[in-house]
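Chemist: Sequence:
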Amino acid sequence: RYSFHDLLREYARTLASASEVARARDRLHDHYLAEATAATASIAAVDGDLDAALRWLDAERPALVALAGTVPDWRLAQVLRVYFEHRGHFADWLATHEHALRYADPAGAVLLRLGLGTRDMWMGRFTEGMDHFRAVLATAADPGARAAALTSLGMLAHLAHRDAEAAGYLRRALTIDHDLSRVTA
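Its first residue numbered 33, the sequence shown is counted upward by one per residue in the working numbering.
I should point out that these hints are in silico values taken from the structure, not numbers from a laboratory.
All figures in this text were calculated on a predicted structure; none of them were measured in a lab.
Glycine included, C-beta positions come from ideal geometry on N, C-alpha and C.
Everything hinted at is true.
For each label pair, taking beta carbons as the anchor points, the in silico distance ranges come out as: (1) Arg87 x Asp209: 35 to 43 Å; (2) Ala56 x Gly200: 45 to 53 Å; (3) Gly200 x Ser49: 55 to 63 Å; (4) Leu47 x Ile75: 37 to 45 Å.
Please model the entire structure based on the sequences and the hints provided.
Modeler: If you want it as structure tokens, here you go:
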């Protein structure tokens with residue numbers, strides 16, 4: 033990967049105005065958002081080139097994480113969730129999502145909280161995961177997001193050996209899913 037020598041980077045910073053730096057960062061963000069979206073779509077796709085996508089994501093990971101952890105936007109962090117989960121990059125997942133929550137609109141915050149709850153589930157942090165999923169229930173208007181949070185709460189309650197509680201969450205999720213399927217049928 034190409035990078036500047038430290039002295040050359042500092043000299044370039046002295047020449048560029050703040051607005052030029054911001055515009056360059058925004059262009060870089062847009063490029064990485066588009067490329068990461070395409071690459072992460074290949075992780076879930078049956079006919080995608082998974083190896084090529086993972087090679088690109090692995091090679092660009094330091095830049096992606098740095099950018100997702102500094103820009104005032106939540107979308108890149110959300111797109112990278114699939115990659116972080118696939119590769120088990122739990123620290124990157126946490127850092128980028130927590131940063132992105134500061135800039136997310138309500139719908140984006142729901143997606144990020146679902147992601148953070150899933151991360152906590154993977155790590156066996158049941159209480160923290162349940163907190164994220166409960167926050168989704170408290171704020172999500174989208175029935176699909178509510179059903180996902182309830183399903184995840186049910187899974188976590190079951191893993192914590194609280195099966196009666198788990199059954200309640202899962203029944204509520206099934207009711208929402210059933211209602212959604214009637215609307216789309």
